[in-house]
Amino acid sequence: MPLQQVAAAADPSTHSDTDDKCYQSSSGIPPDKEGGRKLNRSHMLGDDIFTLDDDEWQAHKKIAHIVLASKEFRSFMASVSKKLVGDGLLSLMLQAAKHGNILDLEDVFMKFAFNSAYTTVLGRNPNLLSLSSATNEIAKAIDNGTEGVFHRHIMPRKLWKLLGWLGVGSEGRLARAQQIINHHLLEHISLKREEMRKGVQGSDLIAMYMSSQAQNGESKAYSDLFLRDIALGFLFAGRDSTGTSLTWFLWLVSTTPRMEEKILDELMRLKKKKEAEGVVRDQKQPWVFDSEDLKDLVYFHAAMCESLRLNPPLPLTRRGVIKEDVPPDAEGEDLEEREWELRDTWEIFQQQSTFTV
1 MPLQQVAAAA
11 DPSTHSDTDD
21 KCYQSSSGIP
31 PDKEGGRKLN
41 RSHMLGDDIF
51 TLDDDEWQAH
61 KKIAHIVLAS
71 KEFRSFMASV
81 SKKLVGDGLL
91 SLMLQAAKHG
101 NILDLEDVFM
111 KFAFNSAYTT
121 VLGRNPNLLS
131 LSSATNEIAK
141 AIDNGTEGVF
151 HRHIMPRKLW
161 KLLGWLGVGS
171 EGRLARAQQI
181 INHHLLEHIS
191 LKREEMRKGV
201 QGSDLIAMYM
211 SSQAQNGESK
221 AYSDLFLRDI
231 ALGFLFAGRD
241 STGTSLTWFL
251 WLVSTTPRME
261 EKILDELMRL
271 KKKKEAEGVV
281 RDQKQPWVFD
291 SEDLKDLVYF
301 HAAMCESLRL
311 NPPLPLTRRG
321 VIKEDVPPDA
331 EGEDLEEREW
341 ELRDTWEIFQ
351 QQSTFTV
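Residues in the sequence shown are numbered consecutively from 1, following the UniProt record's numbering.
Calculated from the structure, these hints are not laboratory results.
We treat Cβ as the ideally placed atom computed from N, Cα and C, and that holds for glycine.
Be aware that one or more of the hints could be misleading.
Here are the computed distance ranges between Cβ atoms for each label pair [what the hints assert, rightly or not]:
#1 K198 <-> R281: 20 to 26 Å
#2 Q95 <-> K62: 41 to 47 Å
#3 L159 <-> K273: 16 to 22 Å
#4 D290 <-> E106: 22 to 28 Å
#5 K62 <-> L314: 38 to 44 Å
#6 L162 <-> V200: 45 to 51 Å
#7 V288 <-> E261: 19 to 25 Å
#8 E106 <-> Q283: 28 to 34 Å
Work the whole structure out from these sequences, hints included.
Next up, the structure:
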């Protein structure tokens with residue numbers, strides 16, 4: 001059972017090149033008859049913007065840009081974030097402090113990120129942030145599905161195919177996770193369609209996709225499966241990237257007292273400015289800033305950027321080679337068709353040449 005060939009790359013010149021090279025392709029997997037598209041469409045992410053190739057990816061990107069760039073959706077995201085921080089995240093931390101409970105901040109931030117992503121995508125809050133919250137079925141299914149997809153990337157294809165045929169191991173858990181996720185998301189999409197037929201307009205991602213279709217004069221409705229794949233892709237992207245980024249950011253700030261002091265000073269000055277402008281708030285509750293208020297905080301912004309550089313949310317990415325080529329850092333080594341290229345984003349971000357003008 002042969003293992004797949006993998007070529008590792010960590011040279012910034014490979015990734016800054018704008019030429020349409022095979023190693024620069026958006027393709028996640030080589031598009032042969034047993035390759036990328038067939039594999040991508042069999043796992044839980046389906047046909048979303050993060051798994052499609054070439055023309056289909058461009059089409060999805062165009063639609064996503066229209067929705068994500070709209071003022072209505074961006075305003076909705078900002079309001080959701082502020083509400084979830086105030087009513088969810090800070091409320092949980094105040095309860096924990098009052099009762100002397102110890103919190104696992106990574107777990108808290110992952111739940112917060114899932115709440116945020118789910119509310120933004122589907123317009124409903126799963127309310128995971130509670131000291132007594134039970135396990136959420138779809139959140140657990142996504143965890144199991146993530147594990148299954150990960151094993152597909154490290155196992156020989158024939159092995160995970162066998163596990164899938166037998167319905168055991170990571171493939172068995174992946175199949176069960178897909179069933180739960182499909183049922184859950186399709187049910188919510190059906191409810192969303194019914195709401196819109198009754199004239200109830202929403203600003204969440206799925207509602208915006210539905211309304212943007214009508215605004216663009218498209219006669220054919222987006223299918224439920226299309227919207228399911230869109231929802232799931234953004235749930236994945238929003239939860240994991242936000243949760244891990246917040247965890248690393250707070251850890252780095254807490255271990256760098258000077259930076260913590262600078263950020264707190266910026267926030268206190270901003271708070272005084274808002275009070276001077278006559279902003280009224282509940283004195284019994286912590287202050288929650290609007291996202292627009294934070295744009296001019298120099299140290300806060302610099303600390304966040306440095307945290308993302310030191311600990312990128314996606315430290316490794318894998319790309320399929322669609323034709324033979326020699327990348328700039330290969331030193332004579334060819335990338336062969338059907339081979340994998342593993343991009344070490346973490347290593348690239350540690351190199352001075354990446355940020356040298």
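Outcome of the hint check:
no.: 1; hint: K198 <-> R281: 20 to 26 Å; result: violated (36 Å)
no.: 2; hint: Q95 <-> K62: 41 to 47 Å; result: holds (44 Å)
no.: 3; hint: L159 <-> K273: 16 to 22 Å; result: violated (60 Å)
no.: 4; hint: D290 <-> E106: 22 to 28 Å; result: holds (26 Å)
no.: 5; hint: K62 <-> L314: 38 to 44 Å; result: violated (23 Å)
no.: 6; hint: L162 <-> V200: 45 to 51 Å; result: holds (47 Å)
no.: 7; hint: V288 <-> E261: 19 to 25 Å; result: holds (21 Å)
no.: 8; hint: E106 <-> Q283: 28 to 34 Å; result: holds (31 Å)
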